[in-house]
Amino acid sequence: MHVPDGFLSTPTSLATGGVAVIGIVACLRGARRELDDRNAPIAVAVSAFIFAAQMINFPVAAGTSGHLMGGALAAALVGPYTGVLCVSMVLLVQTLVFADGGLSALGTNIVLIALVTTIVAYGTSRLLLRILPATRLSVLIAVFAGALLSVPAAAIAFAGLYTLGGATSIPVGSLTSAMVGVHLLIGVGEAIITTSVVAAILATRSDLVHLARFGEQPASATAAAPVEVS
Amino acid sequence: MGAPTTADSSPRPRVFIGLSVAALVVAGALSSFASSSPDGLERVAEDHRFAEYSRDTATAASPFADYATSGITTAWLSTATAGVVGVLIVTMVAAALFTLLNRGGGRATRRD
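Protein chains in written order, with the working numbering: chain A, 48 to 277; chain B, 620 to 731.
Be aware that one or more of the hints could be misleading.
To be verified - Covered stretches of chain A, going by a simulated chain B footprint (3 or more residues, C-beta under 8 Å): (1) 63-71; (2) 105-119; (3) 128-140.
Stated by the list, open to error - If you want a taste of the chain A side facing chain B, the calculated C-beta under 7 Å gives, among others: (4) P51; (5) F54; (6) I217; (7) V219; (8) A225; (9) R252.
By construction, these hints were calculated from the structure, which means they are not laboratory data. Heads up, the beta-carbon is just placed ideally off N, CA and C, and yes, glycines get one too.
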């Protein structure tokens, strides 16, 4: 869903650029509280993994493909503030080095692919963990649902931006339904990949899954490796 | 935050190494098998006739533009090289940023 240059008007791109800057500044502050010696290396590795996964377009319907966005995965593993930074950094490298996503659309892409996906995925997961029983399965269900919804949410946000300042004028309803239809399918792929990776890490080092703090009882003390009394 | 530091003695880098190796394998080996069909946004842009408003970005002349390495004519090798370069760049930039932020948080630096 990388938006190229030319789809959105200059004022719209400037506005999303402003929102992106505000969002990044807030996340730089929030990430200081999330990061510690244990998860800082994971934030590095998940950024690299998201870059790699975004190269793999999987087919979703006749003649259409999609790839992981990664906001849901990063937020589940290292927290939402750090997660936004992971995806934003990938978007920055993609536009500068690989000409993927327009340079003037970088703000738009940060808003859609980093901010919207992360907020929706993480918000959905936290809400679900409030009502689900405190088990590891609940964490995975919450991750799946968050990842699934994060992609169509970004699609709706794009349709909104295009309606405000797109190159052409398209009825908002038909654009939104077209965007949501195809991105719901991509969301299924996002959910499967995200849940698989989180499940693998939960099974080995549940203390490295940020979301597990809110879904396992009490914290992850009993689930993690045996504790040496020091 | 709340979670106790349980596993300081366990093999800390396992998840870091696992994710990093997965990134290299995906970008280096699996990337040539990616679907080349238009993605969801490109499909909608074609169907709703605004695809032609897409302009080349300012970085279109990059030697790695569109995940192809200029000078390498073998398609899979060109993509794989671009992918591995990208993974390395993202790793370096992310390591710099998150080390800095982790220090700024008042904790010691990372170990891996």
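Okay, which hints does this one fail, numbers in order? 1 and 7
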